[in-house]
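Novice: So the chains spell out like this:
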Amino acid sequence: MASTVEELTGLAAVDPGIEDVVANAARNRGNTPPSDQTMVINMGPQHPSTHGVLRLVIEVDGETIVALAPDIGYLHTGIEKTCEAKFYQQVVPLTDRIDYLSPMTNNTAYALAVEKLLGLEIPPKAQWLRVLFNELMRLNSHLVWLGTHAMDIGALTVFLYCFREREKLMRIFEAVSGQRMMTSYVRIGGLSLEPPRDLYDKIRAFLVEFPSKIDEYEGLLQNNPIWINRLKGVGYISPEDAIALGVSGPPLRAAGIDFDVRRDMPYSSYEKFQFSVPTSTVSDVWARFVVRMQEMRESVKICLQALDGMPEGRIVADAPKIILPDREQMKTQMESLIHHFKIVTEGFGVPAGEATSSVEAAHGMMNYYVVSDGTAKPYRVHMRNADYANLQALETMCKGRLLADVVAVIGSIDIVLGAIDR
Amino acid sequence: MYDPASAIKGKGAVFEAHPEHPAVKALADLATDAKFDRDELTITVARETIVAAAEALRQAGYSYLEDITAVDWYPSEPRFQISYSILSFSLKQRIRLVVRLDGEDASLDSITPAWPAANFYEREIFDLFGVHFGGHPNLRRIMMPEDWKGYPLRKDYPVEGYR
Numbered sequence: 001m002a003s004t005v006e007e008l009t010g011l012a013a014v015d016p017g018i019e020d021v022v023a024n025a026a027r028n029r030g031n032t033p034p035s036d037q038t039m040v041i042n043m044g045p046q047h048p049s050t051h052g053v054l055r056l057v058i059e060v061d062g063e064t065i066v067a068l069a070p071d072i073g074y075l076h077t078g079i080e081k082t083c084e085a086k087f088y089q090q091v092v093p094l095t096d097r098i099d100y101l102s103p104m105t106n107n108t109a110y111a112l113a114v115e116k117l118l119g120l121e122i123p124p125k126a127q128w129l130r131v132l133f134n135e136l137m138r139l140n141s142h143l144v145w146l147g148t149h150a151m152d153i154g155a156l157t158v159f160l161y162c163f164r165e166r167e168k169l170m171r172i173f174e175a176v177s178g179q180r181m182m183t184s185y186v187r188i189g190g191l192s193l194e195p196p197r198d199l200y201d202k203i204r205a206f207l208v209e210f211p212s213k214i215d216e217y218e219g220l221l222q223n224n225p226i227w228i229n230r231l232k233g234v235g236y237i238s239p240e241d242a243i244a245l246g247v248s249g250p251p252l253r254a255a256g257i258d259f260d261v262r263r264d265m266p267y268s269s270y271e272k273f274q275f276s277v278p279t280s281t282v283s284d285v286w287a288r289f290v291v292r293m294q295e296m297r298e299s300v301k302i303c304l305q306a307l308d309g310m311p312e313g314r315i316v317a318d319a320p321k322i323i324l325p326d327r328e329q330m331k332t333q334m335e336s337l338i339h340h341f342k343i344v345t346e347g348f349g350v351p352a353g354e355a356t357s358s359v360e361a362a363h364g365m366m367n368y369y370v371v372s373d374g375t376a377k378p379y380r381v382h383m384r385n386a387d388y389a390n391l392q393a394l395e396t397m398c399k400g401r402l403l404a405d406v407v408a409v410i411g412s413i414d415i416v417l418g419a420i421d422r
Numbered sequence: 001m002y003d004p005a006s007a008i009k010g011k012g013a014v015f016e017a018h019p020e021h022p023a024v025k026a027l028a029d030l031a032t033d034a035k036f037d038r039d040e041l042t043i044t045v046a047r048e049t050i051v052a053a054a055e056a057l058r059q060a061g062y063s064y065l066e067d068i069t070a071v072d073w074y075p076s077e078p079r080f081q082i083s084y085s086i087l088s089f090s091l092k093q094r095i096r097l098v099v100r101l102d103g104e105d106a107s108l109d110s111i112t113p114a115w116p117a118a119n120f121y122e123r124e125i126f127d128l129f130g131v132h133f134g135g136h137p138n139l140r141r142i143m144m145p146e147d148w149k150g151y152p153l154r155k156d157y158p159v160e161g162y163r
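Listed in order, the protein sequences are those of chains F and C.
For the first sequence, counting from 1, position 227 maps to 227 in the working numbering; every step adds exactly one.
For the second sequence, counting from 1, position 100 maps to 100 in the working numbering; every step adds exactly one.
With the rest of the complex left out, here is chain C (with noise of 0.2 Å):
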């Protein structure tokens, strides 16, 4: 069974038990937080160095961009999570990268112009939870209806929808 006490919490402890991950090194200036947990790195950073922490990466040698996705943590604050989910061909590994946003200013830079792949993914963000991404080519509603009110994903929407 899982073992909580197994996970490393914090940046200073993450950097110093995986001193030679590529991750670590290519976002030691960048990253805020950091986490080993279950074989998994996820390494937080400010939204406005996310543009400046996806180039890093990809100079990395993470080049894949497999998956963008949101957790609304409502009530809480901050309230929006962004995970990034992204994989090197050569190194046969992921890696986690996420930004913390608040509810009162859910906004940051898009990836889209240096990485294509994150439009689709940007979009359904937009679309379901709310966040602003400036600078995407498109940000349109993508899933829902484009008169749709509301942002379904979020935790104060119901599961039964509006009515």
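Okay, chain F solo, but in the shape it has when bound (with noise of 0.2 Å):
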């Protein structure tokens, strides 16, 4: 308690997450004083459950949780403010590392608001590229939640399942970038590379063999008792409270809102693939597991019809002032070769505006603000990423519940400190 640390050290208590959760319990009480029953205990930054550098101070009585505040901060690297520092194009490398388990959901809302500014068209067949790789990167991350979400439950076995898929996945990705996970593939205007010829047929291998990997994770935990336990009825959240905080995405979705960017603001040709958005009322751990295990089946199908129909053509918009040119033809056309220059050495300059572009990510609704002032180097580039609002409901979901349902919780809104902090 913030007076204990007075009483030990002599000094005031400058730690800030303890002032916070101090301000919040007495707020939950109706501003009566702190009793001597309550403890506030520590929970992180190093702490495996907490999915990177998060620290949560939280007020316990007994073990039940009066007051809960995170304490964000540890991994700011100012990515924003980088940004500013850059040419456009160059920002595709640092939006990798927002939410370093999607990085090419995050290329794609970075493109699609520079794009927006430019008034770029997209040829077909980059915008089915991205639905792809968009719903293998949602496969991606929720492979990732779930194998770390078990292990924080205590289902260790299915950790390592979920990895020997994802490695399947991260092979795909270095397939078509060259890189397995800071992939920076989608570039303005289009994509960066053709895919590899054979990379279809693998893609659809692993997707047809998919299906019966998610069967095999669900009889692991499904009927398990403990499992059961420890996720049905904890974390609640009204949908009022969901909408109030700003919850995005699965977690939003299992508070009974049917709302997801892909189906109802379509962007990259959304609005041509057919698929369901699970949804559950329950709104408790149980139901985001649910709604998130749903999400992985019709992933698979939005990929599987993205290869089926994959249109023939460009990769890349009709733009040579804006795209780097074909390496063939820079260095047979004295044209190509000037833009090339150009492009590399002043960057290219982006009509004065705002835009802003909204996909729907593994974690929830990912939005990019760009703010042009008709340079080459963006004036403000702004991430709204899922994770952060997700994490100001933690409180809320967590409030009354145990301990121990921490752990829990945190699993269930599955947060990335990169997007987070930034």
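Hints may contain errors.
List time: in silico DSS-like cross-link candidates among lysine-lysine, alpha-carbon distance up to 30 Å [unchecked claim]:
id, chain 1, residue 1, chain 2, residue 2
1, F, Lys86, C, Lys149
2, F, Lys342, F, Lys321
3, C, Lys155, F, Lys321
4, C, Lys155, F, Lys377
5, C, Lys155, F, Lys86
6, F, Lys342, F, Lys331
7, F, Lys125, F, Lys168
8, F, Lys272, C, Lys92
9, F, Lys213, F, Lys301
10, F, Lys86, F, Lys331
11, F, Lys342, C, Lys155
What follows is a list of derived Cβ distance ranges for each label pair [stated by the list, open to error]:
id, chain 1, residue 1, chain 2, residue 2, range
12, C, Gly134, F, Ala404, 38 to 46 Å
13, C, Lys155, F, Pro93, 20 to 28 Å
14, F, Ile228, C, Leu91, 34 to 42 Å
15, F, Arg204, C, Pro145, 44 to 52 Å
16, F, Gln274, C, Met1, 26 to 34 Å
17, F, Val344, C, Met1, 17 to 25 Å
18, F, Lys399, C, Asp33, 35 to 43 Å
19, F, Ala205, C, Val51, 51 to 59 Å
20, F, Leu193, C, Met1, 21 to 29 Å
21, F, Phe163, C, Ser90, 39 to 47 Å
22, C, Ser90, F, Ile228, 29 to 37 Å
Incomplete in silico selection of chain C near chain F, CB under 8 Å [unchecked claim]:
id, residue
23, Met1
24, Asp37
25, Arg38
26, Leu65
27, Val71
28, Asn119
29, Met144
30, Pro152
31, Val159
These are calculated hints, taken from the structure and not from any lab test.
Values in this document were obtained by computation on a predicted structure and should not be read as measured data.
No residue lacks a Cβ here, since even glycine has one placed at the ideal position from N, Cα and C.
Combine both chains into one complex, guided by the hints.
Specialist: Laid out in structure tokens, this is it:
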């Protein structure tokens, strides 16, 4: 407790997290002074179940949580500031590092915002490939979520199986972009590379096999009494609170709000794909588990549709002053060489204005807000990630529950600290 | 390619072009400026009326506060632009609500008491831009250390930081 810190050290308590949690607890009690019944516990920032460097300051009465305050910023690297000093095309690799479990989704969101500023038309093949890789990224992210969530609860085996499948996805990402994690595959105006010839067959083989793997995970967990007891009825949030706190993604859909950016405000030709949006009304950790498992099955369907209907054509827009020319052309045609030189050394100007793009990332709604002043460098780039808002709802979900439930609830909101601290 | 002539600028022009837009109807009295550009509606309100404007939008069905962020237009004045991105689930559209603030007196009312989602976002703007939100329940730095000097996302703050 804050007072104890003062007594022990003779110094005023400067730990902001503790002040925060004491103030919150006081509000919860209706501003009555703290009783000596409660105790403040520090969890993190080096805690295996906080999924990164998240610190939680928790006030408990016995084992029951009275107040909880997240303390973030340990991973703050000032990416938004860095973006302002780079050319538009140089920002793409920075976006990979925001939500490092789904880099191509970040790339897509950023590219969509800049393309909106430029008014660029993206060819169908590039849009289909974006959809395909966005959904593979969702599988990738959900696999890490399931593995780590299960490991937090104590089911260590699931982690190994999830990472077995994730490894296959990593190989696919490596084959298409040359990188396993920081892919930078989606670029402004299209994609960076034509996929290799046998890639579609590899992806199809993975997708055909994958639903049986989801059955396997469900077989491991769904009837396990420990799993059921740790998840059911834990971490409830009412739909009203979820909206008021800005929760999005699977936790919002598990609270009974049927909203998915892919279906309701489609981008990148999602309106041409048939898929359903899983929802639940129970709004506990179990419901979020069920919603995500069904989402994986839907993603497989979308990927297969993308492969079946893959259009022919170019993978970049027709804008020689914005998109780097083909290497072959660059070495044989003077004009292409000039364009290449200009783009690399001076960047390209973007008409002044502001634009917001919104995509449905694995963790929820991801918006990129890009402001241009007409020069070759963005005036301001702001990322709105679902993780940041979902973390705000953690206290509402945990209050009144047991301390051990915090671990289950953190797993269920599926946060990546890279996306929160930026 | 983007055609700058396609943008509709000014309150009168936007309100004439989109008279049936729910956000336009809700903010008919409070708006001081408006812009319809790249299929995005931006409405500017005075800083004194931000809480009333947010409430009016909520009544009009814009129930989901997605994001709040700021832009520093240093050295021009008014220096700060606070952008609120608000979404309506039923209308399936978003609107950008903007407040412009002078650098001398960068403060406005917090909407956190009415809209808890604003909590972290307002703290982030306070931390990185030094804009003060009156009535915020817990206005402290969120990303930077408590004892940090300066506001890193301001344009007069060097990218490399002070050394």
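Novice: Indicate, hint by hint, whether the structure satisfies it.
Specialist: Hints and how they fare:
1. Proximity of F/Lys86 to C/Lys149 is assessed by CA-CA distance (about 25 Å); at most 30 Å being required, the pair is judged to hold.
2. Simply put, F/Lys342 and F/Lys321 have alpha-carbon atoms about 8 Å apart, close enough for the 30 Å limit, and the pair holds.
3. Simply put, C/Lys155 and F/Lys321 have alpha-carbon atoms about 29 Å apart, close enough for the 30 Å limit, and the pair holds.
4. A C-alpha spacing of about 14 Å is found between C/Lys155 and F/Lys377, which places the hinted pair at or below 30 Å, so the restraint holds.
5. A threshold of 30 Å between alpha carbons decides the hint, and for C/Lys155 with F/Lys86 the separation of about 14 Å falls inside it, so the pair holds.
6. At most 30 Å may separate the alpha-carbon atoms for a hinted pair to count; F/Lys342 and F/Lys331 meet this at roughly 15 Å.
7. Taking the CA atoms of F/Lys125 and F/Lys168, the gap is about 24 Å. The hint holds against a cut of 30 Å.
8. Of the supplied pair hints, the one linking F/Lys272 and C/Lys92 holds, its CA atoms being roughly 18 Å apart against a limit of 30 Å.
9. A hinted pair counts as satisfied when its Cα atoms are at most 30 Å apart, and F/Lys213 with F/Lys301 qualifies at roughly 15 Å.
10. This hinted pair checks out: F/Lys86 and F/Lys331 have alpha carbons roughly 26 Å apart, not beyond 30 Å.
11. Taking the CA atoms of F/Lys342 and C/Lys155, the gap is near 27 Å; set against the 30 Å cutoff, the hint holds.
12. At about 39 Å, the CB distance of C/Gly134 to F/Ala404 agrees with the hint of 38 to 46 Å.
13. Range check, C/Lys155 to F/Pro93: Cβ separation about 23 Å, and the 20 to 28 Å hint holds.
14. A beta carbon spacing of about 39 Å between F/Ile228 and C/Leu91 agrees with the range 34 to 42 Å that was offered as a hint.
15. Here the CB-CB span from F/Arg204 to C/Pro145 is close to 50 Å, well matched to the stated 44 to 52 Å.
16. Roughly 32 Å separates the CB atoms of F/Gln274 and C/Met1, a value that falls within the hinted 26 to 34 Å.
17. A hinted range of 17 to 25 Å holds for the C-beta pair F/Val344 and C/Met1, which are about 21 Å apart.
18. The hint said 35 to 43 Å for the Cβ distance between F/Lys399 and C/Asp33, and at roughly 42 Å that hint holds.
19. For F/Ala205 and C/Val51, the hinted distance range of 51 to 59 Å is satisfied, since their beta carbons lie about 56 Å from each other.
20. Taking the beta carbon of each, F/Leu193 and C/Met1 are about 25 Å apart, inside 21 to 29 Å as hinted.
21. Under the hint 39 to 47 Å, the C-beta atoms of F/Phe163 and C/Ser90, about 41 Å apart, fit the expected range.
22. For C/Ser90 paired with F/Ile228, a C-beta distance near 35 Å keeps the hint of 29 to 37 Å intact.
23. A least Cβ separation of about 5 Å between C/Met1 and chain F falls short of the 8 Å threshold, and the interface hint therefore holds.
24. Below 8 Å, beta-carbon pairs count as interface contacts, and C/Asp37 has one with chain F at about 6 Å; its hint therefore holds.
25. Against a cut-off of 8 Å between C-beta atoms, the interface hint on C/Arg38 holds, since the closest Cβ of chain F lies about 5 Å away.
26. Interface hint status for C/Leu65: upheld, as the beta-carbon distance to the closest one in chain F is roughly 6 Å, under 8 Å.
27. With a cut of 8 Å, the hint placing C/Val71 at the interface with chain F holds, because the nearest CB-to-CB distance is about 5 Å.
28. The beta carbon of C/Asn119 is positioned within 8 Å of a beta carbon in chain F (closest approach about 6 Å), and the interface hint is therefore held.
29. Of the supplied interface hints, the one on C/Met144 holds, with its beta-carbon coming within about 7 Å of a beta-carbon of chain F, less than 8 Å.
30. Interface hint status for C/Pro152: upheld, as the beta-carbon distance to the closest one in chain F is roughly 6 Å, under 8 Å.
31. The beta carbon of C/Val159 comes within 5 Å of a beta carbon in chain F, closer than 8 Å, and the hint placing it at the interface holds.
In summary, the structure agrees with every hint in the numbered list given earlier.
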